[in-house]
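Chain order of the listed sequences is A and B.
Be aware that the first sequence starts at 1, since it is given in UniProt numbering, and climbs by one per residue.
Be aware that the second sequence starts at 1, since it is given in UniProt numbering, and climbs by one per residue.
Misleading hints may appear alongside valid ones.
[As the list claims (entries may be wrong)] Subject to a maximum C-alpha distance of 27 Å in a straight line, what follows is the list of computed DSSO-like cross-link-like pairs (lysine-lysine):
id	chain 1	residue 1	chain 2	residue 2
1	B	K292	B	K193
2	A	K35	A	K96
3	B	K190	A	K96
4	B	K689	B	K627
5	B	K141	A	K96
6	A	K92	B	K141
7	A	K24	B	K298
8	B	K292	A	K24
9	B	K298	A	K35
10	A	K96	B	K292
11	B	K190	A	K92
12	A	K35	B	K292
Please keep in mind that the hints were generated in silico from the structure rather than gathered at the bench.
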Amino acid sequence: MAPQKTATKPQTSAPASPVESLWKAYSDNTSKRLKFIDSFLVFLMLSGIVQFLYCILVTNFPFNAFLAGFSSCVGQFVLTASLRSQVNPENKETFKEVSPERAFADFVVGSIVLHFFVFNFLG
Amino acid sequence: MALAYSLPSNLAPSTVQNTASFLRIIALAFISGAAIASRLFAVINFESVIHEFDPWFNYRATKVLASQGFYEFWNWFDPTAWYPLGRVVGGTIYPGLMATSGVIYNILHALNLPVDIRNVCVLLAPGFSALTAWATYMFTKELKDESAGLLAAAFIGIVPGYISRSVAGSYDNEAIAIFLLMFTFYSWIKALKTGSAFFGTIAALFYFYMVAAWGGYAFITNMIPLHALVLILMGRFSSRLYVAYSSWYAIGTLASMQVPFVGFQPVRTSEHMAALGVFGLLQIVSFAYLVKAHVSSKQFQTLLFVSVVTIGILGTLGIVGLTYKGYIAPWTGRFYSLWDTGYAKKYIPIIASVSEHQPTAWPSFFMDLQFLVFLFPVGVVLCFRELRDEHVFVIIYALVGTYFAGVMVRLMLTLTPCVCVAAAVALSTLLDTYIDPRMPDTTDTPAPDTDRVSVAGATTSEGTPKKTKKDKTPAAEVTQKASINDFATGFEVLGSILEKDKPPRVAGLDSRIVVVGVALYLLVFFVQHCTWVTSYAYSSPSVVLASRNQDGSQHIIDDFREAYYWLRQNTREDAVVMSWWDYGYQISGMADRPTLVDNNTWNNTHIATVGKAMSSTEEVAYPILRKHDVEYVLIIFGGLMGYSGDDINKFLWMVRIAQGVWPDEIQEPNYFTPAGEYRVDAQASQTMKDCLMYKMSYYRFSNLFGGSTPVDRVRNQHLPTTGPTLDYLEEAFTSENWLVRIYQVKKEDSLGRDLKSANAFVEGKKRKRAKPPVRRKAIVASS
Numbered sequence: 001m002a003p004q005k006t007a008t009k010p011q012t013s014a015p016a017s018p019v020e021s022l023w024k025a026y027s028d029n030t031s032k033r034l035k036f037i038d039s040f041l042v043f044l045m046l047s048g049i050v051q052f053l054y055c056i057l058v059t060n061f062p063f064n065a066f067l068a069g070f071s072s073c074v075g076q077f078v079l080t081a082s083l084r085s086q087v088n089p090e091n092k093e094t095f096k097e098v099s100p101e102r103a104f105a106d107f108v109v110g111s112i113v114l115h116f117f118v119f120n121f122l123g
Numbered sequence: 001m002a003l004a005y006s007l008p009s010n011l012a013p014s015t016v017q018n019t020a021s022f023l024r025i026i027a028l029a030f031i032s033g034a035a036i037a038s039r040l041f042a043v044i045n046f047e048s049v050i051h052e053f054d055p056w057f058n059y060r061a062t063k064v065l066a067s068q069g070f071y072e073f074w075n076w077f078d079p080t081a082w083y084p085l086g087r088v089v090g091g092t093i094y095p096g097l098m099a100t101s102g103v104i105y106n107i108l109h110a111l112n113l114p115v116d117i118r119n120v121c122v123l124l125a126p127g128f129s130a131l132t133a134w135a136t137y138m139f140t141k142e143l144k145d146e147s148a149g150l151l152a153a154a155f156i157g158i159v160p161g162y163i164s165r166s167v168a169g170s171y172d173n174e175a176i177a178i179f180l181l182m183f184t185f186y187s188w189i190k191a192l193k194t195g196s197a198f199f200g201t202i203a204a205l206f207y208f209y210m211v212a213a214w215g216g217y218a219f220i221t222n223m224i225p226l227h228a229l230v231l232i233l234m235g236r237f238s239s240r241l242y243v244a245y246s247s248w249y250a251i252g253t254l255a256s257m258q259v260p261f262v263g264f265q266p267v268r269t270s271e272h273m274a275a276l277g278v279f280g281l282l283q284i285v286s287f288a289y290l291v292k293a294h295v296s297s298k299q300f301q302t303l304l305f306v307s308v309v310t311i312g313i314l315g316t317l318g319i320v321g322l323t324y325k326g327y328i329a330p331w332t333g334r335f336y337s338l339w340d341t342g343y344a345k346k347y348i349p350i351i352a353s354v355s356e357h358q359p360t361a362w363p364s365f366f367m368d369l370q371f372l373v374f375l376f377p378v379g380v381v382l383c384f385r386e387l388r389d390e391h392v393f394v395i396i397y398a399l400v401g402t403y404f405a406g407v408m409v410r411l412m413l414t415l416t417p418c419v420c421v422a423a424a425v426a427l428s429t430l431l432d433t434y435i436d437p438r439m440p441d442t443t444d445t446p447a448p449d450t451d452r453v454s455v456a457g458a459t460t461s462e463g464t465p466k467k468t469k470k471d472k473t474p475a476a477e478v479t480q481k482a483s484i485n486d487f488a489t490g491f492e493v494l495g496s497i498l499e500k501d502k503p504p505r506v507a508g509l510d511s512r513i514v515v516v517g518v519a520l521y522l523l524v525f526f527v528q529h530c531t532w533v534t535s536y537a538y539s540s541p542s543v544v545l546a547s548r549n550q551d552g553s554q555h556i557i558d559d560f561r562e563a564y565y566w567l568r569q570n571t572r573e574d575a576v577v578m579s580w581w582d583y584g585y586q587i588s589g590m591a592d593r594p595t596l597v598d599n600n601t602w603n604n605t606h607i608a609t610v611g612k613a614m615s616s617t618e619e620v621a622y623p624i625l626r627k628h629d630v631e632y633v634l635i636i637f638g639g640l641m642g643y644s645g646d647d648i649n650k651f652l653w654m655v656r657i658a659q660g661v662w663p664d665e666i667q668e669p670n671y672f673t674p675a676g677e678y679r680v681d682a683q684a685s686q687t688m689k690d691c692l693m694y695k696m697s698y699y700r701f702s703n704l705f706g707g708s709t710p711v712d713r714v715r716n717q718h719l720p721t722t723g724p725t726l727d728y729l730e731e732a733f734t735s736e737n738w739l740v741r742i743y744q745v746k747k748e749d750s751l752g753r754d755l756k757s758a759n760a761f762v763e764g765k766k767r768k769r770a771k772p773p774v775r776r777k778a779i780v781a782s783s
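Bound-form chain B, shown alone (with noise of 0.2 Å):
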């Protein structure tokens, strides 16, 4: 056969294997490096913190794991969150996460290197984004080779949109839970494929590690199943199916039910039970297939086929009726939002007033994922042209991952392994049919494989590179080839091309150097534009903002950790903090103060509650305030500085969660103007205007522009020169670019009068100097 360059050919075979898997090692290494290294701009632009917010309670969970033990950990009762009801921690937290840096830490203290919790916190998910881009190689060479495998790890190693959840400090469930998914799935595709309970053992360790470490673990509940459930369809059922589901159904199972938060969900609620079912189905179908290889009369098995076909169809409604009747918990509204992008926002607020549970916007698909964006769609249609179990399930997860990764942008996470896997797929595909060296097959050398194909050996001299290139060319020709009226050979031709064992072969090196370096370019331009979002983008702590000077240095905002360290440091141990509950972790993680609510977000009426403190009247407020034994009340308000993410942003969503719980005192549309605008200039409506939340914002603003008129940069509103009094509160800190602003909640007036009127006294004691009778006879009046 004809080579397109020439190869060594003094080679041992055995040489050339095992230079081959050194240099997979290498490069596996090298990816790994580069995975780590990448995701340490954060820390090189700013330094080794704890990212965001629910990165801060994880944080200190495990600094409690770490001094007390696993023990204090586990039955941990947190009097200072979601004051003053409390939080069981242990039991309503995913522990995987904290049990992992807590292992790794006594680990490496057990090895005399006292390395702070902080910095083993900051970088387990770049340690942990190594064991991805390994597990993704696994996986991908059990679908193609090592080369593609090669490639989807490089992928999944620098893409965006795993990165994004993974930098170093962003301390989430997340960081090590892809690394599990990706090891479940691969355990499961090697089960499935050898039929091993070992491997399905292995599955279900890992499937128990994950259902510790996050609440995604849903995701492989349903997966794992409906794999299952489209091969038998496809009448792929085999005995290494039942082998590898049931091991790994019946231990996964019991395992994932060891987890107090999970604790008897896997048989009490909807979104377990489509595993549950193909179990069963999994069990009949097994059974019938033995009882049919001892009995062969013909009317026996149809009568079993009918017997299986009503079973199931039994057992189906069995568990419906068990939905109905309650003993089986219908889906939560959090699955059903995933259906109906509508539901959330009609009946769970909360969930919707998430940003990263909004719909996905077009380019963050292409910021994610770059080309990968294209090369998915190749691979997936790759897979079908094989079409082995483990395909089929690719092709699954494509379709069910996309669909996900559209609802919600967080979901982009679950997504991306699978377009790195098909993406890896396409291009190695492509690199293997534009590298490898043999010459499509000329006249004079005959086609050893098939007798078949020797008819398609007369491409003759007309076989230039850009018409083999397409597999249909050959197949045409072949075809007036041979006897015009024979459809059925010319068909019998085309399919063994399209088959794997005849791949499309490609002649001359020019197109070979043109497609080969066009693909280079992309991976390289890929790895750029990686770069690029990487540092630019995913890397901020948003703890610790950036800003450029005029000159172009970095400017570093640290209001946040000011304000926190300011109640940290002036004020009691025990002083209640109110915040919006986006800050309660941040606050109970920095400045070590009791909160009323955060990210936790389980009990939807406190949150209600704050959000009613904060949207309506100082008069209505204070009651709240003081029944919460609230000393302090803190927001975000970003109008000096341009911050977008401040609480006059977010106002709304507090308004809709309290109009949930309290319809006929908040109504959102007493917040906008007339004219249906969301302001907080002079024409903002009057209900506005007087809202704690508002007032807190503004309070004194006015004074920094002195006597001109002040100018919210977020919203780019002019506001009234004069601005809103306080009554009930008074200003205790203001941080240096006024993001974070800290208000005391003051006690009641010692001569039992209502606040109000005791400023108004106080300041009509300075104004009585101007003009004493008419001031007094007014507040006389009115108390």
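Isolated chain A (complex conformation) (with noise of 0.2 Å):
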């Protein structure tokens, strides 16, 4: 996903205005625990890019250390990121299952899991 976000801004960076009023609407209207979550995301994507840049034009030697790496980044990603839009008020309707506490600690577990496997596969 890390990619897709920067390919998207570029081709919308075009009219000008719309980019700067997406990013008054989000600064308008985003929480501030949502913010949080979304800083934990940027920093994931750009360790994930810095991995991959690594892999590409360094090396790829243990690739098993860098695919624990890079899905470690992944992984966490969307875990993250489904942890925003189910503690995301404005979802609420489609989680209706899902509390935002539940979440979190669905959140934990899936984190520990998918960190147990990191662990195994670094070598």
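Two chains, two separate frames, one set of hints: put the complex together.
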């Protein structure tokens, strides 16, 4: 998802005002909690990009280690993104059975399982 | 509302609910018991023995795991298989099955229950079939309700299509894989419905277990993305889909790479790319939805849509490009053979030679599924009526599964759960409709639910059961009653009836009793069919055969074990045994001797070598045998007993596989008569008569018939009265019914002659007494 985000931006940047309005709408309408999650998402994305670039430009030698590191970024990213959409009050209708507390518990369980495999795969 | 029969009215709702759930538990327990019990025919009719071919290897590997621990098993290098190459077992198997029975074995021993590992292995498949029934119950419950779930569980518990792979003793990967398949699908549906990452994680964990257990995991790898893709294309994208799919894929893929046999395949091969592609697509789509929520400008949204489509196309092109560049391995032959049924026969004869890889014959659909075959389409159609996300899943599963089951006999197994689910939905809808005590609305009772239906309340006195049975009839009456010009109202009512909120009602007890009675009759007959098929067709271990005596009593034919134990007790421990690959696992499992090739079939050339040795003349075969240190050659011969699965019938595959590697030396047409027939009698071609397999099969066969014409009872052909002679091999053992014949390869002659002339010399000596001068001259000349 990392390249996609960067790929969408240049196309939309041609008309300057929509991007600005997007940013404005985002910073106005998003709660602090979600912004906090978003900043973590951005961090994970950057970390994934750095690892991917390293793999392409330098070496992919311990391929399992690269996969473990990269998958931990991707996996954590999607789990966090899931958490974000679950706690987003706008999605309350979609997630009738998942309360924010339950969502956080899901997030923790998913992350633990994910990192168990990451740790096992690092080699 | 009028009732067809009276219901007790003095029960509290909670009592009804509790009783219902109690009855469900009881029913599930009975279903599990029936599922286990019906799989025990194999043990009762024969004995607690491991069946067929592959299970023997699994059993042998499990013994290593149980006796030496997991790490030894993981690092196990087996020097006796694929002699002289050996096999790295830990890295070339799906360890899930062995690990499961190892865990069960250790738990039982920790509880001081000294159960033999063989019994754990034999009874593993029946045990897991009970779990499969439970998983199917859970899955169907999500689809419709508990009663449909119970029906589905009962169906999957006893349906022959699943029993064929899970009788006691059939210790193969499929034994646990179907449970894992159903449970993964259940967690996926559950994750999708609730949008919970927890169930996504559960799905990923069971997917991991499935990857560790069976090569058929690729079915899940492609089914779930296909479902997600169809949902996106139907415009049903939701955050729940994102959560479920992302958590399943991210964790599941990483987990699947932990299995050494799978390795980096999930990021390197085309079979797994669909899942990756849908994962990427979901990220883009969900990002687009997020942006869309913040910006409402029409133009911007169009731009967004275009960019999503562009990125999607670019991503697909990227994957295709990487495949061409070689970073991603293209589809393997095994997958091609699923699309092009003739592919395997042309390019990979080894796959085509396995009987369970043949296309399915029509009768076997009925044999395996019986009346579920015609309930199945009804269930699929009923899925269209509700068409929630999980119904879409079942529809896709039905389409894909039916196709695969038609292509390969063994893939009937993946279709069976879907058939059971759909058939249960159909049957339970039927029973719901006909057992529901509520009568159709009459004129004097205005319908309470909707205002539109109050028009339909005018069904009048002609509401005979036959007519109200169909959805259309009340609708037609309604349109008559309503203003005729007002078509719109008519369609509206028709729509409301077709919808779920107004299910069809049945009046009168007579039609109810008839329909429910017929359904019950079908169910009872189904149970009888399943029991019959299970006990007669699917419970044979194929290691032990059974036949009937004249008086009807059972006669056990135990030639295989007889021969394998002969090998075990009369040969050196490192004596290499050559046989066709089918018997490799059995020889290493029961006789404990090194084999050249076995059922793993990873090395085509090695198998072709054996095929070449079997299909060439003795002079050509002998150096091959000696180079591979072969001491014994084992063949299966059914000509005396009428056992059709013998080596002469498999022989053409040996020829074909050998021809694939040595097209100059082995040619299939040479083994046919000039008329193009495959014969073993006097008309057989000279190549056929000279080849090692023919000679070994019919060596001394004519002696049995004491001068009269020998008859091959499998092929119904009369053989010449003088049988073939062998110079380079000698008969070592022939089992009671001649089913297994073992030949010893002679050592090189101590005087340096080739064995043929040495034999001729020995025989010449004998003949010398009769006619000395002529014979001696001939031998001198030939040597």
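Consistency of the hints with the structure:
1. Restraint check for K292(B) and K193(B): satisfied, since their Cα atoms lie roughly 24 Å apart, inside the 27 Å limit.
2. Taken as a hint, the K35(A) and K96(A) pair is honoured in the structure, with Cα atoms around 23 Å apart against an allowance of 27 Å.
3. Restraint check for K190(B) and K96(A): satisfied, since their Cα atoms lie roughly 13 Å apart, inside the 27 Å limit.
4. With a C-alpha separation of about 24 Å, the suggested pairing of K689(B) with K627(B) holds against the 27 Å cut-off.
5. This hinted pair checks out: K141(B) and K96(A) have alpha carbons roughly 19 Å apart, not beyond 27 Å.
6. The suggested pairing of K92(A) with K141(B) holds, with an alpha-carbon distance near 25 Å, which does not exceed 27 Å.
7. Distance check on the hinted pair: K24(A) and K298(B) sit about 17 Å apart at the alpha-carbon level, within 27 Å; holds.
8. Restraint check: the Cα-Cα separation between K292(B) and K24(A) comes to about 14 Å, which is no more than 27 Å; the hinted pair holds.
9. Only pairs whose Cα atoms come within 27 Å are accepted, and K298(B) paired with K35(A) is accepted, the gap being roughly 26 Å.
10. Between K96(A) and K292(B) the CA atoms are separated by roughly 22 Å; this keeps the pair inside 27 Å, and the hint holds.
11. Restraint check for K190(B) and K92(A): the C-alpha separation of about 18 Å stays at or below 27 Å, so the hint holds.
12. Note on K35(A) and K292(B): the hinted pairing holds, with a Cα-Cα distance of about 17 Å set against a maximum of 27 Å.
Checked against the numbered hints above, the structure breaks none of them.
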